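Two chains, two frames, a set of hints: combine them into the complex.
The primary structure of each chain is shown beneath.
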Amino acid sequence: MTTTEAPHTPARADAPAPAPVRRARRLGPGRPIPFGWAIGPALLLAVWSIGSATGWIDPRNLSAPWDVVRTAGDLIADGRLQEHLWASARRALAGLALGVAAGLVLAVVSGLSRLGEGVIDGPVQIKRSIPSLALIPLLILWFGIGESMKIITITLGVLVPVYLHTHNGLRAIDSRYVELAETVRLGRAAFLRHVVLPGALPGFLLGLRFAVTAAWLSLVVVEQVNATSGIGYMMELARTYGQTDVIVVGLVVYGLLGLLSDGLVRLVQRRALTWRRTLAD
Amino acid sequence: MAPHPGGLTGTRRGPAVRAEGLVRTYAGRRVLDGLDLTLAPGEFAALVGRSGSGKSTLLRALAGIDHGIPASGALSAPHDVSVVFQDARLLPWRRVLDNVVLGLTGPDAAERGRTALAEVGLGGRERAWPTELSGGEQQRVALARSLVRDPELLLADEPFGALDALTRIRMHALLRRLWDRHQPAVLLVTHDVDEAIALADRVLVLEEGRIAADLPVTLPTPRTPGGHAYAQLRAKLLALLGVTDDPAGAPDAPATPGDPT
Ligand SMILES: Nc1ncnc2c1ncn2[C@@H]1O[C@H](COP(=O)(O)OP(=O)(O)OP(=O)(O)O)[C@@H](O)[C@H]1O
Ligand SMILES: [Mg+2]
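As you go down the protein sequences, you meet chains A and B in turn. Read in numbering that gives the first Met the number 0, the first sequence has 157 at position 158, and its numbers run on one by one without any break. Read in numbering that gives the first Met the number 0, the second sequence has 202 at position 203, and its numbers run on one by one without any break.
Rather than coming from a laboratory, the hints here were simulated on the basis of the structure. Values in this document were obtained by computation on a predicted structure and should not be read as measured data. Here a beta-carbon is modelled for each residue, glycine too, at the ideal position from N, C-alpha and C. Watch out, some of these pointers could steer you wrong.
[Unchecked claim] Residues from chain A that face chain B, not an exhaustive set, calculated with beta carbons under 7 Å:
{"no.": "1", "residue": "85"}
{"no.": "2", "residue": "181"}
{"no.": "3", "residue": "184"}
{"no.": "4", "residue": "185"}
[What the hints assert, rightly or not] Calculated Cβ distances over 10 Å to all of chain A for the following chain B residues:
{"no.": "5", "residue": "19"}
{"no.": "6", "residue": "64"}
{"no.": "7", "residue": "67"}
{"no.": "8", "residue": "90"}
{"no.": "9", "residue": "93"}
{"no.": "10", "residue": "130"}
{"no.": "11", "residue": "164"}
[Stated by the list, open to error] Simulated coverage check for chain A against chain B, where a stretch passes if three residues somewhere in it have a Cβ under 8 Å from a Cβ of chain B:
{"no.": "12", "region": "95-103"}
{"no.": "13", "region": "190-200"}
In isolation and in its complexed conformation, chain B is listed as follows (with noise of 0.2 Å):
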């Protein structure tokens, strides 16, 4: 597919995001506890932890929607930020188009909407209201949502963890497809390894309020589970988050779609 940029694609100024010492605390509970993190742009990150260990807490600190948490740190990010969450959240008494170019403004807000829509393959469902949608293609109408606007940065949070895994394959195809064209940087989150592998050049382990791992990914894409390297990525995060990766055939992975051989 499309060439891998690793880190090349430096053409905006200045890393997407920042932060050092980022502090978020919930009930006297420090969840992000002194992290730093630096995403250059362009950069297609995936960020995994266990459940409960921050990912959603820091997705909300950097789009600046956790109002009223005891904060510190500093946080630079840029203004073109984009979420899109794990429910697709449209408005249901707007139909698909006008979801997609919510709070755009211009004359030419509908076309780019209509471009959007095309992208993500829902061209001709605009007057469509969101609850004749499919969970996939309302998480489709999202990821439109978010792209119409061109973000220097993308926020998912686990986006795709309601879907089928048939559908999975496609969204993440289609994501990896959109990024490559509108080159945002983008932090994942998600619970699984091998979503994390498939989509991102780099993986964050989030662990006790911080970036416990960083490791990148230097797999070539399209990537299928199997092979050597692949297999090592995997289990070495497998073990970061405290799954012991069980040498007779790992009963607590997740199950791979797809077939590798």
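Isolated chain A (complex conformation) (with noise of 0.2 Å):
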């Protein structure tokens, strides 16, 4: 046997020589294909389009992709779009930011001390198992279908994982942080700043991303029970004259939303939580 023929001979138990190493059968999904993610969404853009174009798809179920993206171009042309965008992020915001405020302080509060815990503790969890939007009636019947009534909505299915996550993050701080917080005698301010809060700031941005996930959620339904303005009502609007086109439009809106802001929580948690990249990298 010469060196030459020994790639092609296939290997014998008895031969001296080197056997070529018979590859095993691939059972992973292999390599990732480049833009793979994106085939999906291409195939439903072509089924649709397709179907408009042949007439499969009746516009007044689904308007033509064309269609929505020239609605779209209009009515950034004639700026109600980015009224009615304005309008709703506002909504969406202000209930984000009081939510996220009230949750951080109930469960700082109630995670420091007995007392608060035995306060807040049950009447958040009981707040946990009626979904927010269950209030609504309740909510309309006490602050009227102003914009305070909707804020207040959101506000509250904002509150719920800011705190719970929050809360268990401050409960899960390992007690040896605490006593070494004893031995080199920080204050209560400087407990808070350096261990209290950093230690619970994973369990916070992971509250945070369930939270805006649930102000977007929450906008979306108090804005199709009675309101003047936000794309909700825009849509709303766009359902009684049967513009599908226009319901397109919003559904993207919303969706683009979603996506934009639970990458810009992810960012946040990537640069505020370094310390902790370092054990995976």
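Structural data, given as structure tokens:
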């Protein structure tokens, strides 16, 4: 047997020459395809386009993609989309800010004192088991159908995940760090700043991601209850006129807002938790 | 190395630690049962005892971090107490320097922290995260964090227990050097009789909730295992700890790092 033959001959148990490695069958999904994530959406878009072009999709059920794009252009050109977007964003941000602040304060108070926990934790757990959206009838009776009802609904939806995850994060702080803080004689404020808040930060940021989702979800609902501005109002109005193109524009905007805000929170998460990332790298 | 203070370092007023009739009870069991202890300022004492004999309990009492435990007895300890725990106990979300100066105030805090880090051989690692350091480096940061406060009393609970033998020897020399420079009273808890003899000038044995033995160590530093006096002291301590030293070669004695001969 010559060396040039070796790679071609099948390996034999008694052959002294090194056998060529038999590649195992690949069981994993294999190498990632470039822009693989875009295949599904592109396929959907293609079906939608073909369906609209051939008249297979009735424009009264779903406008053609090009109609949606043209409508979006028109809405932006006459400033209506921006106006509604701003009205929605203002609501969502106000509710988010209030809810995050309230959730954070409640979690810290309840995490640091037994009395606080006794007072706060029960009601929040009860609130947790009632979907915020089920509270809307009561909130309408109390606050009317104006802006405050909408913002309060969003606030309540945001508060719960922020509270729960921050509180969990606080409780998970190793008691040994508390002991350390005592031996270096940290004051209350320094203890909060150096141990409690950074220790609870991973939990808080997780809660924030859920909170952002909750804020958009509540927004969609309250804007369809009774509103005179906002993306939801724009869509509701379009429904009464059968403008499916405007409805689709609204859906796309909601989707983009959700994606964008989640990406933002994740970015914050990455920047704020560098100390944890070093473990994974 | 440095001259041995023996007993002539009493430059600060009064004893550093005085405990009389100290009692600490866990679940109805008196872990400390009428313990008396006096430490002079600048004195380096080691505390040995069986597992569960209450060494950590005593340290926690001296550090004032044993809340909510039935306690009695008189205890006076200085205000400036630093603790080195068995785990380095660095805040993972604070950089090394911020860990060292944790709780320090004043404009020169950062500068003092840098100096302390340089003292333990970690100058230049100020901006590292604790998770980026090795176990020995983390323990050195913990040591820097204790010393930067210039404590009158340094309490160390098996600070080198998790380190390998080589790193331990380096840490022993470092601790002894730092003690020489800063002159705190030290109470070092250890499982290791050789560590106690190598570092301390006085070895205390804790048993049944009291200091059962109090042996001065008069060997010259640096103390390497070997020699008659060393062997005698070691055997005596092991006997006190209930380890019967077998004349054939002491199989249950901890392996001594470093070759004496
Ligand atoms: N928080 C606690 N609750 C109940 N019992 C405790 C607690 N802490 C310590 N004990 C008990 O007190 C006794 C002394 O504990 P301690 O931690 O002081 O021992 P030790 O001498 O430090 O032991 P080791 O050398 O193993 O660290 C043990 O029997 C232990 O079970
Ligand atoms: Mg212990």
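Closest CB of chain A to the CB of residue 67 (chain B) still more than 10 Å away: holds (12 Å)
Claimed clearance of chain A by residue 93 (chain B), with the beta carbon kept past 10 Å: violated (7 Å)
Least C-beta distance from residue 164 (chain B) to chain A larger than 10 Å: holds (26 Å)
Hint check, residue 85 (chain A) versus chain B [nearest Cβ-Cβ separation less than 7 Å]: Constraint on residue 85 (chain A) not satisfied, violated at 37 Å.
Annotated coverage of the region 95-103 of chain A by chain B, confirmed only when three residues or more have a Cβ within 8 Å: It is violated: at least three residues are needed, and the region 95-103 of chain A offers just 0 whose Cβ sits closer than 8 Å to chain B.
Closest CB of chain A to the CB of residue 64 (chain B) still more than 10 Å away: Since the minimum Cβ distance to chain A is about 5 Å, residue 64 (chain B) lies within 10 Å and the statement is violated.
10 Å Cβ clearance of residue 130 (chain B) from chain A: violated (5 Å)
Given hint residue 185 (chain A) near chain B, where the shortest CB pair must fall under 7 Å: holds (5 Å)
Chain B contact restraint for residue 184 (chain A) - C-beta distance below 7 Å: holds (6 Å)
Given coverage of the region 190-200 of chain A by chain B, checked by CB-CB distance under 8 Å (3 or more): holds (count 5)
Reported absence of residue 19 (chain B) from the contact zone with chain A (all CB gaps over 10 Å): holds (23 Å)
Separation of residue 90 (chain B) from chain A, once the least beta-carbon distance is taken, above 10 Å: violated (6 Å)
Comparing the model with each earlier hint shows violations of hints 1, 6, 8, 9, 10 and 12; every other hint is respected.
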